[in-house]
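S.K.: Sequence:
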Amino acid sequence: MSELDYCGLLIMNPKILIIGMPRSGKTFLFKKFREVIETAPETLSRFLLQTDDFKNEEWVQQLYSIMDKIRDKNKWIVEGMQGYRLLRKYVQRQEYEFKPDLIIMVSCDQPTEKRHRGMVKTMTKIWKDYVALEEELPAIEYYNRIYEPPKAYHI
Numbered sequence: 011m012s013e014l015d016y017c018g019l020l021i022m023n024p025k026i027l028i029i030g031m032p033r034s035g036k037t038f039l040f041k042k043f044r045e046v047i048e049t050a051p052e053t054l055s056r057f058l059l060q061t062d063d064f065k066n067e068e069w070v071q072q073l074y075s076i077m078d079k080i081r082d083k084n085k086w087i088v089e090g091m092q093g094y095r096l097l098r099k100y101v102q103r104q105e106y107e108f109k110p111d112l113i114i115m116v117s118c119d120q121p122t123e124k125r126h127r128g129m130v131k132t133m134t135k136i137w138k139d140y141v142a143l144e145e146e147l148p149a150i151e152y153y154n155r156i157y158e159p160p161k162a163y164h165i
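Just so we're aligned: 101 in our numbering is position 91 of the sequence shown, and the numbers increase by one with no gaps anywhere.
In case anyone wonders, no lab produced these hints; they're calculated from the structure. These numbers come from a predicted model, not from an experiment. Note that beta-carbon positions come from the ideal geometry of N, C-alpha and C, so glycine has one too.
EDC-like cross-link-like pairs, simulated, lysine to aspartate or glutamate; straight-line CA separation at most 16 angstroms:
{"hint": "1", "residue 1": "Lys85", "residue 2": "Glu52"}
{"hint": "2", "residue 1": "Lys83", "residue 2": "Asp111"}
{"hint": "3", "residue 1": "Lys99", "residue 2": "Asp139"}
{"hint": "4", "residue 1": "Lys41", "residue 2": "Asp62"}
{"hint": "5", "residue 1": "Lys109", "residue 2": "Asp82"}
{"hint": "6", "residue 1": "Lys41", "residue 2": "Asp63"}
{"hint": "7", "residue 1": "Lys79", "residue 2": "Glu107"}
{"hint": "8", "residue 1": "Lys41", "residue 2": "Asp15"}
{"hint": "9", "residue 1": "Lys42", "residue 2": "Asp15"}
{"hint": "10", "residue 1": "Lys79", "residue 2": "Asp63"}
{"hint": "11", "residue 1": "Lys109", "residue 2": "Asp78"}
{"hint": "12", "residue 1": "Lys99", "residue 2": "Asp78"}
{"hint": "13", "residue 1": "Lys85", "residue 2": "Glu48"}
{"hint": "14", "residue 1": "Lys85", "residue 2": "Glu107"}
{"hint": "15", "residue 1": "Lys85", "residue 2": "Asp111"}
{"hint": "16", "residue 1": "Lys79", "residue 2": "Glu105"}
{"hint": "17", "residue 1": "Lys109", "residue 2": "Asp139"}
{"hint": "18", "residue 1": "Lys79", "residue 2": "Asp62"}
Label pairs and their in silico Cβ distance ranges:
{"hint": "19", "residue 1": "Pro24", "residue 2": "Asp62", "range": "16 to 26 angstroms"}
{"hint": "20", "residue 1": "Val70", "residue 2": "Arg33", "range": "22 to 32 angstroms"}
{"hint": "21", "residue 1": "Gln71", "residue 2": "Tyr106", "range": "20 to 30 angstroms"}
{"hint": "22", "residue 1": "Pro24", "residue 2": "Leu143", "range": "13 to 23 angstroms"}
{"hint": "23", "residue 1": "Glu45", "residue 2": "Asp111", "range": "18 to 28 angstroms"}
{"hint": "24", "residue 1": "Arg125", "residue 2": "Pro51", "range": "36 to 46 angstroms"}
{"hint": "25", "residue 1": "Tyr74", "residue 2": "Thr132", "range": "14 to 24 angstroms"}
{"hint": "26", "residue 1": "Asp139", "residue 2": "Glu13", "range": "33 to 43 angstroms"}
{"hint": "27", "residue 1": "Thr134", "residue 2": "Tyr106", "range": "19 to 29 angstroms"}
{"hint": "28", "residue 1": "Ser55", "residue 2": "Thr122", "range": "31 to 41 angstroms"}
{"hint": "29", "residue 1": "Lys65", "residue 2": "Arg125", "range": "17 to 27 angstroms"}
{"hint": "30", "residue 1": "Ile21", "residue 2": "Lys135", "range": "25 to 35 angstroms"}
Starting from the given sequences, assemble the full structure and let the hints guide the process.
M.R.: Structure (structure tokens):
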């Protein structure tokens with residue numbers, strides 16, 4: 011994606027969630043957004059959060075720490091595996107401050123999916139529950155293994 015594509019996504023979507031399998035390219039995409047934000051006008055600025063920053067906390071506490079960090083923020087980008095848990099919490103509680111305007115699902119190759127089969131099953135269930143609740147929310151798939159621009163827009 012070009013810098014203009016990233017700017018367009020930032021302009022249209024105050025709250026962005028980047029989710030996907032381990033080692034799929036979530037951090038790569040997050041860093042691209044951060045680079046654009048660092049050189050863009052103040053209107054595109056965001057609170058940036060990587061869920062791996064909380065991995066030293068207990069598993070249950072990680073999610074609540076993330077929620078505390080973004081609770082009062084109007085514009086944010088959250089990246090990482092805990093993003094699925096954030097979606098689940100939104101589905102359960104309908105707390106709109108945690109509702110992303112855009113979800114970027116980073117795809118990975120088949121061998122990676124096979125290695126994480128149990129995780130894929132859980133993530134798929136969370137995603138289906140979310141889509142059933144919020145059908146109008148757009149999602150973008152980004153295929154990082156071949157570093158192509160987004161292939162599918164679900165609107």
